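Chain by chain, the residues run as shown.
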Amino acid sequence: MTDVSEEMYALVERMYPLCRSITGDGVRATLDIVGEYIPLQVHEVPTGTQVLDWTVPQEWNIRDAYIADPAGRRVVDFAASSLHVLGYSVPVSATMPLAELRGHLHTLPDHPSWVPYRTSYYKPDWGFCLAQETLDALPDGDYEVRVDSTLADGHLTYAEHVVPGQVADEVIVSCHVCHPSLANDNLAGIAVATFLARALARETPYYTYRFIYAPGTIGAITWLARNAERIERVRHGLVLACAGDPGHLTYKQSRRGDAEIDRVLRHVLTASERPHRVTEFTPYGYDERQYCSPGFNLGVGSLTRTPYAGYPEYHTSADNLDFVSPAAMADTLAVCREAFAVLDRNRRYLNLSPYGEPQLGRRGLYDALGGRSDTKQAQMAMLWVLNLSDGEHSLLDVAERSGLPFDTVAAAADALRGADLVKE
Amino acid sequence: MTDVSEEMYALVERMYPLCRSITGDGVRATLDIVGEYIPLQVHEVPTGTQVLDWTVPQEWNIRDAYIADPAGRRVVDFAASSLHVLGYSVPVSATMPLAELRGHLHTLPDHPSWVPYRTSYYKPDWGFCLAQETLDALPDGDYEVRVDSTLADGHLTYAEHVVPGQVADEVIVSCHVCHPSLANDNLAGIAVATFLARALARETPYYTYRFIYAPGTIGAITWLARNAERIERVRHGLVLACAGDPGHLTYKQSRRGDAEIDRVLRHVLTASERPHRVTEFTPYGYDERQYCSPGFNLGVGSLTRTPYAGYPEYHTSADNLDFVSPAAMADTLAVCREAFAVLDRNRRYLNLSPYGEPQLGRRGLYDALGGRSDTKQAQMAMLWVLNLSDGEHSLLDVAERSGLPFDTVAAAADALRGADLVKE
Amino acid sequence: MTDVSEEMYALVERMYPLCRSITGDGVRATLDIVGEYIPLQVHEVPTGTQVLDWTVPQEWNIRDAYIADPAGRRVVDFAASSLHVLGYSVPVSATMPLAELRGHLHTLPDHPSWVPYRTSYYKPDWGFCLAQETLDALPDGDYEVRVDSTLADGHLTYAEHVVPGQVADEVIVSCHVCHPSLANDNLAGIAVATFLARALARETPYYTYRFIYAPGTIGAITWLARNAERIERVRHGLVLACAGDPGHLTYKQSRRGDAEIDRVLRHVLTASERPHRVTEFTPYGYDERQYCSPGFNLGVGSLTRTPYAGYPEYHTSADNLDFVSPAAMADTLAVCREAFAVLDRNRRYLNLSPYGEPQLGRRGLYDALGGRSDTKQAQMAMLWVLNLSDGEHSLLDVAERSGLPFDTVAAAADALRGADLVKE
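Quick mapping for you: the protein sequence lines, in order, are chains C, Y and G. For what it's worth, the working numbering labels the leading residue of the first sequence as 33, then goes sequentially. For what it's worth, the working numbering labels the leading residue of the second sequence as 33, then goes sequentially. For what it's worth, the working numbering labels the leading residue of the third sequence as 33, then goes sequentially.
Misleading hints may appear alongside valid ones.
What the hints assert, rightly or not - Pair by pair, the computed Cβ-Cβ distance ranges are:
#, chain 1, residue 1, chain 2, residue 2, range
1, G, E235, Y, R258, 46 to 56 Å
2, G, A341, C, L353, 52 to 62 Å
3, Y, A303, C, E305, 36 to 46 Å
Stated by the list, open to error - If we take Cβ atoms under 7 Å as the criterion, some of the chain C residues that face chain G in the derived model are:
#, residue
4, N383
5, Y387
6, G388
7, P390
8, Q391
9, L401
10, G402
11, G403
12, L415
13, W416
14, D422
What the hints assert, rightly or not - Below 25 Å or equal to it, Euclidean Cα-Cα: the simulated SDA-like pairs (lysine to any residue) are:
#, chain 1, residue 1, chain 2, residue 2
15, Y, K408, C, G135
16, Y, K408, C, T282
17, Y, K455, C, V83
These aren't lab readings, by the way, just hints derived from the structure by calculation. Since the structure is predicted, the reported quantities are computational estimates derived from the model, not experimental observations. Just so it is clear, CB atoms sit at the ideal spot from N, CA and C, and this is done for glycine as well.
Required output: the full structure, derived from the provided sequences and hints.
Below you can see the structure in the form of structure tokens.
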């Protein structure tokens with residue numbers, strides 16, 4: 033267990049109690065915490081702003097919500113968990129018999145002790161989420177229900193963090209910040225993204241890396257709407273979510289399926305010999321839905337451990353601090369770093385001496401003693417880079433075709449460039 | 033067993049006794065019967081007409097043919113089965129010893145009780161086909177042989193039936209009408225085609241469907257020669273044969289292999305979970321040979337149950353009314369209807385809101401309650417259609433990539449078109 | 033065992049004792065022997081000549097070399113085997129203790145009775161190769177070492193033999209002639225190439241076949257440097273090596289992977305039902321490295337039995353006359369002849385009657401009797417050639433798609449060309 037893994041877990045713990053939604057102070061508080069780790073540029077977009085086909089909704093804030101039984105006891109209480117209130121509930125203050133109340137209650141009959149996560153962003157409604165066993169224990173009678181919330185013109189909040197690179201071409205890393213007390217979905221994703229940004233900032237990467245912390249769907253759509261000219265510079269991207277559960281890693285490919293990010297993740301996951309899954313793109317899941325809509329069609333994939341809706345704890349109170357672990361987040365972070373290390377160095381070279389092999393020996397790049405059959409990997413990598421550097425093959429192509437590690441191939445390319453035998 | 037299946041079988045029974053060949057009154061009588069079910073446009077093409085590389089031959093008609101043994105008994109008799117005479121036999125009236133007669137007799141030693149089907153269209157000849165056991169029982173002696181046939185200038189006869197569609201682009205359905213008393217090859221094909229035409233006529237299909245009833249090879253070549261300008265409008269096609277035997281369905285792909293008709297049949301056969309086979313194109317079999325010759329290279333496949341020459345009864349007297357069944361023909365008809373239902377609705381749409389997802393909720397196309405993991409198939413289909421409607425993907429592409437039923441995908445496209453979110 | 037197989041083995045036996053290197057009289061003596069079988073054009077390229085990125089080195093010749101033990105006995109003696117001296121050893125005449133001598137000795141500890149093959153072409157050095165068990169038996173003391181060699185300006189020698197064809201387009205067959213007493217690598221390759229040339233010369237092939245006998249690497253590079261204009265005419269090629277060992281045949285594909293030579297070898301090896309392996313291109317091995325460098329990227333593959341470094345005897349004294357056999361060389365020769373017989377006839381035809389099938393019957397190319405299901409292979413081949421002769425498919429395509437033997441397909445094409453139904 034490294035320090036970083038514990039730091040990521042501590043960050044998840046801090047963010048966990050907050051009540052996040054697609055707008056409101058819970059998002060702002062979350063970004064304030066992240067901002068203690070990396071500098072954030074926070075954007076506030078007013079209610080009513082047209083963003084692509086959508087409109088930024090009213091801002092929702094909530095102070096308290098509860099159901100009190102006929103004896104006056106709070107049997108469901110927002111103070112105990114942010115999941116208990118239907119997201120975007122309109123204010124209510126009433127007393128009603130249980131039979132009438134039931135129409136506003138959401139439970140999970142198959143998991144009677146878990147509380148579900150439900151929202152009603154675009155249809156005015158109010159409701160409570162509770163355990164089936166809590167509901168079953170409620171006596172008949174009149175119940176006091178109260179949601180002390182506000183729905184009013186305000187703002188949608190999202191943030192960005194940029195790690196400057198050698199070129200203006202960008203890699204985006206996007207994670208959603210709109211889910212309330214759900215640890216894996218997506219506090220673990222936020223934590224991994226944040227420490228990934230910190231790691232990249234210690235290097236001077238080739239690409240410029242942009243981290244986007246935004247509410248799901250409407251937040252990504254808002255970012256896309258406000259960054260029309262930037263999108264042409266987005267070369268690759270990754271949506272990070274469900275980054276801390278005990279399952280194996282899953283890479284969901286971009287809509288293009290053969291985008292460079294797809295090839296890089298497939299390569300790194302396979303080369304690392306981790307158990308993993310690579311799945312086809314589907315227009316459902318997280319914000320890859322927006323980045324990969326046909327008008328944008330960006331090379332953006334999605335990395336999770338167990339994917340969207342793929343575990344019983346998904347969108348329930350069981351997606352809690354016990355469900356995520358420092359080790360799982362560290363593993364997700366490691367794969368992100370390995371993948372970006374490949375992506376960042378993956379370029380096409382041109383062999384400047386393409387007719388026959390150049391004489392590596394006189395340049396000190398080749399063993400003088402001939403006849404042996406155990407030619408070194410570094411020499412093989414140089415021969416492969418020379419042979420495939422025709423302007424069409426990238427170093428990742430060379431690594432995959434030769435079966436040599438990407439690092440060895442990249443080092444060979446460096447040596448050959450140093451000897452003026454290849455150029456970018 | 034539906035009424036239609038019994039009606040198809042009854043049609044096969046009526047056509048069975050007739051002596052068909054590539055020309056002559058047997059073809060006309062067959063088309064007269066079909067014409068009682070659907071209106072036919074009958075074409076008569078004179079002997080000597082040049083059709084592509086071929087010439088329409090003389091017309092052959094036959095009234096009687098027999099072999100009488102030394103005792104005067106008819107031991108082989110055309111009146112008992114049209115198979116007994118070699119197709120296109122020239123007239124003969126002679127008496128000859130058995131030894132001399134043998135050179136004109138065709139049998140199947142491996143199936144001693146079956147009568148083979150043989151022809152000699154383009155080399156003047158006469159002959160009889162009989163069971164090996166009949167031949168073995170013949171005593172030596174002089175035999176009277178008589179073929180009362182005519183070979184004379186006349187016509188080649190074929191027919192068309194057109195189901196008008198919304199567009200002039202055509203789908204052709206072609207079946208051969210030149211085989212004598214062979215039930216599966218091709219009376220079952222004729223029957224299925226006829227009831228397919230009746231079913232299509234009750235709708236207003238998108239494509240115009242043209243049914244071609246023509247003698248094999250020379251008939252298809254004649255149709256192609258006389259329809260040079262129409263061929264550009266033929267978008268898809270299907271050759272129907274061997275439609276009633278007990279074997280599984282076999283789809284033989286067009287020469288192109290990836291024509292839309294190929295993809296549709298593969299999809300429908302797979303989706304229907306029928307046991308079936310899909311085979312590569314070969315330049316042999318039925319009239320797909322002509323439609324898929326390299327100069328035309330049409331998207332025309334061939335649907336059979338057991339394919340050409342794939343069953344022992346093929347081209348023998350055992351391909352009789354017992355060999356075909358109402359249920360098998362009904363099954364073939366059902367697959368044709370399913371395939372044409374897909375083909376007819378398979379179009380490319382363009383997403384009119386391709387940047388991010390359009391907000392389906394405010395258009396009443398999406399559930400208001402968020403957070404649940406059991407998103408409905410109809411909503412998934414809309415997301416898929418939106419995501420892939422970039423002008424490159426057809427609805428069949430969407431169905432195959434999403435794994436959703438084609439009907440669900442087509443319904444989603446209809447809903448999105450109704451909301452002005454996609455256009456054709 | 034054919035005469036040719038014995039003749040090839042006898043040729044290997046004659047060449048075996050000679051001390052070959054990348055330059056020098058050993059190469060000349062080898063080419064003199066080959067020249068007794070087929071006429072050779074021998075080229076001498078002066079030391080210092082620039083060839084692509086390389087320079088022709090000084091010429092190396094050796095008369096004697098030995099190590100004498102303290103008692104004066106020759107314990108390692110070049111006269112016993114040309115392998116005993118490090119290739120390109122500079123002259124030395126000295127006495128030194130065993131401890132000092134060890135730095136110049138090369139052994140194979142894992143195979144203590146075998147002598148390794150080692151060279152130092154481009155770094156001035158001297159050394160001896162010997163069995164580990166010989167080294168282990170040497171007593172301490174002072175040893176006399178002597179290498180009576182010359183390194184001086186001279187020439188690099190290579191040779192060509194051309195079998196003229198009907199067209200100037202060329203097929204090259206290349207084998208290296210620089211290895212000393214190693215039977216499989218590459219005397220067997222030289223022998224097979226030589227008898228392949230003799231066999232081709234008895235025909236008038238379509239292509240012009242050029243056989244190149246050259247030292248490895250520097251020799252191939254020299255040929256490429258001196259034949260810049262010819263290279264445009266090189267359509268296909270094969271590097272022959274390791275042609276006589278007991279292993280199965282291995283075809284290593286060209287860098288292009290789908291060059292016609294690749295398809296031909298795959299087809300012939302599969303059709304012949306020999307156990308064999310087909311491997312991907314790698315930029316290591318024999319002179320396919322040079323022919324397939326990205327600037328040339330020729331369609332040149334490599335045929336061996338057990339490939340480069342794939343057998344323990346590789347580059348050791350165990351690659352001797354017992355390791356190769358007449359039968360193995362005959363088998364390699366047979367596959368080369370089969371492959372070139374396909375390559376030489378593999379052309380694209382154009383169907384001159386592409387609309388429908390032409391009437392083969394009236395041209396005497398088709399059986400008159402119809403209805404039978406056992407259509408002859410020759411007729412099927414004609415239908416396939418007609419159907420695929422659209423200018424895009426070669427006869428090899430036809431053979432592979434139809435599953436018919438290439439010879440049958442080529443004969444069908446000849447018949448159709450004779451009937452003016454196809455043209456080249």
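Hints, verified against the model:
1. Separation of E235 of chain G from R258 of chain Y is about 49 Å and conforms to the stated range, judged on CB atoms against 46 to 56 Å.
2. At about 56 Å, the beta-carbon gap between A341 of chain G and L353 of chain C stays in the expected band of 52 to 62 Å.
3. A C-beta distance of roughly 38 Å is found between A303 of chain Y and E305 of chain C, which places it inside the suggested range of 36 to 46 Å.
4. About 6 Å separates the beta-carbon of N383 of chain C from the nearest beta-carbon of chain G, less than 7 Å, and the hint is met.
5. Restraint check, Y387 of chain C versus chain G: the minimum CB separation of about 4 Å is within 7 Å; hint holds.
6. A cut of 7 Å between beta carbons decides the hint on G388 of chain C: the least distance to chain G is about 4 Å, and the hint holds.
7. For P390 of chain C, the interface hint holds, the least distance from its beta-carbon to any beta-carbon of chain G being 4 Å, beneath 7 Å.
8. The closest approach between the C-beta of Q391 of chain C and any C-beta of chain G is roughly 5 Å, which is under the 7 Å cut-off, so the hint is satisfied.
9. Given hint, L401 of chain C at the interface with chain G, holds; its Cβ is 6 Å from that chain's nearest Cβ, closer than 7 Å.
10. A least Cβ separation of about 4 Å between G402 of chain C and chain G falls short of the 7 Å threshold, and the interface hint therefore holds.
11. Against a cut-off of 7 Å between C-beta atoms, the interface hint on G403 of chain C holds, since the closest Cβ of chain G lies about 4 Å away.
12. With a cut of 7 Å, the hint placing L415 of chain C at the interface with chain G holds, because the nearest CB-to-CB distance is about 4 Å.
13. Interface hint at W416 of chain C: satisfied, since its Cβ lies 6 Å from the closest Cβ of chain G, which is below the 7 Å cut-off.
14. With a least beta-carbon distance of about 4 Å to chain G, the hint placing D422 of chain C at the interface is held under the 7 Å criterion.
15. For the given pair, K408 of chain Y sits about 21 Å from G135 of chain C by alpha-carbon distance, which is consistent with the 25 Å threshold.
16. A hinted pair counts as satisfied when its Cα atoms are at most 25 Å apart, and K408 of chain Y with T282 of chain C qualifies at roughly 23 Å.
17. For a cut-off of 25 Å, the pair hint linking K455 of chain Y to V83 of chain C stands: about 22 Å separates their Cα positions.
The structure fails none of the hints (numbered hints given earlier).
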